[in-house]
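Participant: Sequence:
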Amino acid sequence: MRVLNELIEELTERVAREGGYPVLIYEAPTGYGKTVASINFYRVLSKYYMSSGLIHVLPMRSIATEFYCKVINSVSGDEVSYCKEVGEDPIIGKAIKELRLAKHDIGYQFMDFIDSSKAPYFLKTVLITTFNSFFHNLARFPIAELRKYRRHYEIPRTSIFTSSVVLDEAHLYGGDPGSGDEKTLFTALVVGIKALVEARVPILIESATLPKQFTEAVINMVRATGVNPKVISFRYGVRCGNAVGNTVLECHDDEYVVKCLSLKWFTKVIDDEAISRIVEHHTSVGHRVLVVRNTVGKAVKTYLKIRERLNEDEVEIIHGHFTTKDRTEKLSRCRKAKVVVSTQVVEAGVNISFNTLITDAASPSSIAQRAGRVLRMFEDEDAYVYVVKSDGDGVYDKSVTINFTSKLVEITEKSNYNIDWRIPSNKLIDNRISFLKLINDVYQGLDLEVDSKRYVDFVDIISSPIISQDRLNMIYRKSEGLIYSSILLPVYVGMRPVQTLNELIENSVPLSTNFIRVNLNKILEVDGDGLSVIVLIEGDSDEPSTYIGESKMPLKILEDPVEFLTRSLSGNGQTLIPLAFIARPEVYNKVTGLVV
531 MRVLNELIEE LTERVAREGG YPVLIYEAPT GYGKTVASIN FYRVLSKYYM SSGLIHVLPM
591 RSIATEFYCK VINSVSGDEV SYCKEVGEDP IIGKAIKELR LAKHDIGYQF MDFIDSSKAP
651 YFLKTVLITT FNSFFHNLAR FPIAELRKYR RHYEIPRTSI FTSSVVLDEA HLYGGDPGSG
711 DEKTLFTALV VGIKALVEAR VPILIESATL PKQFTEAVIN MVRATGVNPK VISFRYGVRC
771 GNAVGNTVLE CHDDEYVVKC LSLKWFTKVI DDEAISRIVE HHTSVGHRVL VVRNTVGKAV
831 KTYLKIRERL NEDEVEIIHG HFTTKDRTEK LSRCRKAKVV VSTQVVEAGV NISFNTLITD
891 AASPSSIAQR AGRVLRMFED EDAYVYVVKS DGDGVYDKSV TINFTSKLVE ITEKSNYNID
951 WRIPSNKLID NRISFLKLIN DVYQGLDLEV DSKRYVDFVD IISSPIISQD RLNMIYRKSE
1011 GLIYSSILLP VYVGMRPVQT LNELIENSVP LSTNFIRVNL NKILEVDGDG LSVIVLIEGD
1071 SDEPSTYIGE SKMPLKILED PVEFLTRSLS GNGQTLIPLA FIARPEVYNK VTGLVV
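In our numbering, the protein residues as written are 531 to 1126.
Estimated spans, in silico, between C-beta atoms of each pair:
1. D910 - R1114: 43 to 49 Å
2. S929 - G827: 19 to 25 Å
3. M907 - I932: 30 to 36 Å
4. D784 - E940: 28 to 34 Å
5. K866 - K624: 23 to 29 Å
6. M907 - E543: 27 to 33 Å
7. S582 - L791: 41 to 47 Å
8. C770 - N841: 45 to 51 Å
9. R1001 - K789: 52 to 58 Å
10. D971 - C770: 23 to 29 Å
11. V533 - R863: 33 to 39 Å
12. K789 - R863: 24 to 30 Å
It is worth saying that the hints were derived from the structure and are not from the lab. It should be emphasised that the depicted structure is a prediction, and the values quoted were computed from it without experimental measurement. Glycine is no exception: its CB is placed at the ideal position from the N, C-alpha and C atoms.
The whole structure should be built from the sequences, with the hints applied where relevant.
Facilitator: Have a look at this one:
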């Protein structure tokens, strides 16, 4: 077991034995094996009867799917068909088997449908979910009952408040000062942690790249509730200290550092025009190449250009605008392709290794995460990172991105130092400058902001002993959902007519409302002043049949997207429940996804 993972387990045991409820912040490099710490965190707490389950929260469906598959494959006699390509992680498998769980004890909750273990009320011993689903259930908007006026919200909340909660890849919950203006997400995270700590729920927060601002904000907020959190950070050259007396415990793992020092990093800032040439060079010498663009449009253009020079089966593309079914097939092919072109969906949790990374400039935390896909298993010595000049493409803060790129140029072209993208250190590592120092230098003087209005609303709906349904519904509508500035809506791109709900889920793409509004006539099937939608049609008590059909909804529904997610239309003895918008047939294909 890794040194810091052992330390997490030891610290959890000590706090539990003394009758406390651990709140731990765990920072260690990409590929270090932090994920297994969450399973051991729960195992220790369950031994002391302090936790009836584990809720492992992840920021994106792609990462949550992969982790669920690794867990379910370790206990199932037969691999779930959806998860065959993922296989079993032996370390995760060993930790899960020590819990002596059966397949029916493990579940998931996010938009995709994998198997019958979907658990919208969180009634599983081990539950893998996205932050979106988690916060909805915590904030009294149970995912399973959004369309109901009265909701059974205390069922999932009871599960949350009696479980251990792990917030994995925490930098992606709005805690990155360079990630743009998603302060609503960070607000939801802060309020969520506050509510859990006040209820004395054991919490483990994990990431490879936690800016100081994030850690300090969480420490101060947790202390205000009367609880003393512990921060465990991997730091080069620092001997492990006293796990009891320090709020921040920095620790060094000799064995892991020796492996990291075997990597020879080469970093260079390039222009967009150089991408194809660099890909051609590295593939010619047998290297696998990952190309990460900040937007879907740029990723598709790059993919098509590279495919002109390589065989079709040698290059693959993956991004967030694929259906569940196609994304699964894409991920399978990504494991074998020489070149993978992607967006930020590969930033965390996807266990695929490359020799070379070519990436658009972005926030330093994001670049460090992308570099974490390079030589994850230390299978070679030479590791290459090329950063393409960019202003953030509207995805990342412009000034942060430009400042970061300038520092990269200064180090790689005007000094004798290299950048180490794996070892976290505040000091020099021989002739290497750690990515951590870059992150702290670029983020110096920046603050993380919360949305003050949403903060008050979130505290109200989560912590008030009694709250009316009208108040809940008003807040949900006012905030256009909860945690994102633009709510995600399903868009169906498959064959018609739709026969089953599973067919609908597998062939839909989640798109932000803002993206749909801007590209309305390019994406959706529009008929006059109406939009074509897939609906669930329920008969009345005389004819109780239920089936899937199509209907029309007015264009103004996009002005109030919450209504689409919560509305049911009644009339003529039927109830129509909107499920998804219908895309124009030419907007989607299996090769490049949904592109406008």
